[in-house]
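Asker: So you can see what is in the structure, the chains are spelled out below.
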Amino acid sequence: GDSVTQMEGPVTLSEEAFLTINCTYTATGYPSLFWYVQYPGEGLQLLLKATKADDKGSNKGFEATYRKETTSFHLEKGSVQVSDSAVYFCALMDTGRRALTFGSGTRLQVQP
Amino acid sequence: EAGVTQFPSHSVIEKGQTVTLRCDPISGHDNLYWYRRVMGKEIKFLLHFVKESKQDESGMPNNRFLAERTGGTYSTLKVQPAELEDSGVYFCASSQGPGASSKFFGPGTRLTVL
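Protein chains in written order, with my numbering: chain U, 11 to 122; chain R, 489 to 602.
Everything labelled a hint here was simulated from the structure, so no lab data went into it. Do not take every clue at face value.
Which bits of chain U does chain R cover? Going by a derived footprint, with three or more residues having C-beta under 8 Å, they are [as the list claims (entries may be wrong)]:
id, segment
1, 52-59
2, 112-118
Derived Cβ-Cβ restraints for the label pairs, each shown as a range [stated by the list, open to error]:
id, chain 1, residue 1, chain 2, residue 2, range
3, R, R552, U, E26, 27 to 35 Å
4, U, E26, R, E545, 21 to 29 Å
5, R, G585, U, G11, 21 to 29 Å
6, U, S68, R, G516, 26 to 34 Å
List time: in silico DSSO-like cross-link candidates among lysine-lysine, alpha-carbon distance up to 27 Å [what the hints assert, rightly or not]:
id, chain 1, residue 1, chain 2, residue 2
7, R, K532, U, K62
8, U, K78, R, K532
9, R, K532, U, K66
10, U, K87, R, K529
11, U, K70, U, K87
12, R, K529, U, K78
13, R, K566, R, K532
Ideal Cβ positions, reconstructed from N, Cα and C, are used throughout, including at glycine.
Work out the full structure, taking the sequences as your base and the hints as a guide.
Answerer: Okay, here's the thing in structure tokens:
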């Protein structure tokens, strides 16, 4: 079945540091890939997405590239801010399905 | 426009008791989903409604869980009787279209079973 594996947290960074959160996946079809973010006390929000190989999703300074050859979708940001502190979830939606398959989440803590 | 709302935000019950979680989707959204995150692990799909019909309930863990969406508006998820392993955060999401980019999630209900 489908699965998503992402690096365990927490990840603690200083403000303006470079961020990478690794995500790899297993899927039977041709999935779309997503990053969701959950800020404290809020629901999950879609951060970015990519629907096919080599697509790059980007939003709010975050980027992730759909790498079919390595089955990866790593999240990156060049300079994190304190306001980026949240839990980040990698997810996929496989062909013909409407349910999302999520990873276990990575908590990011950015210190001033 | 109001987002997806869930009630209660937190529930603490004892093993063997019954709890009912409620989700109010965004008005006009035909698709409603339940997910849960147990013990800090991955968020897992439970089921999907299209209007009042269960489209996919493949993620429901066992028959102690009952989901309803009478009238195709709000949904309830009842756990009866609750077990310790049911503790976690239960998320609801809604969408008008089928794509993941159109799903809006609620803040979740944190369920603690003692």
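Asker: Taking the earlier hints as the rules, which of them does this structure contradict?
Answerer: Going through the list in order, the structure violates hints 3, 4 and respects the others.
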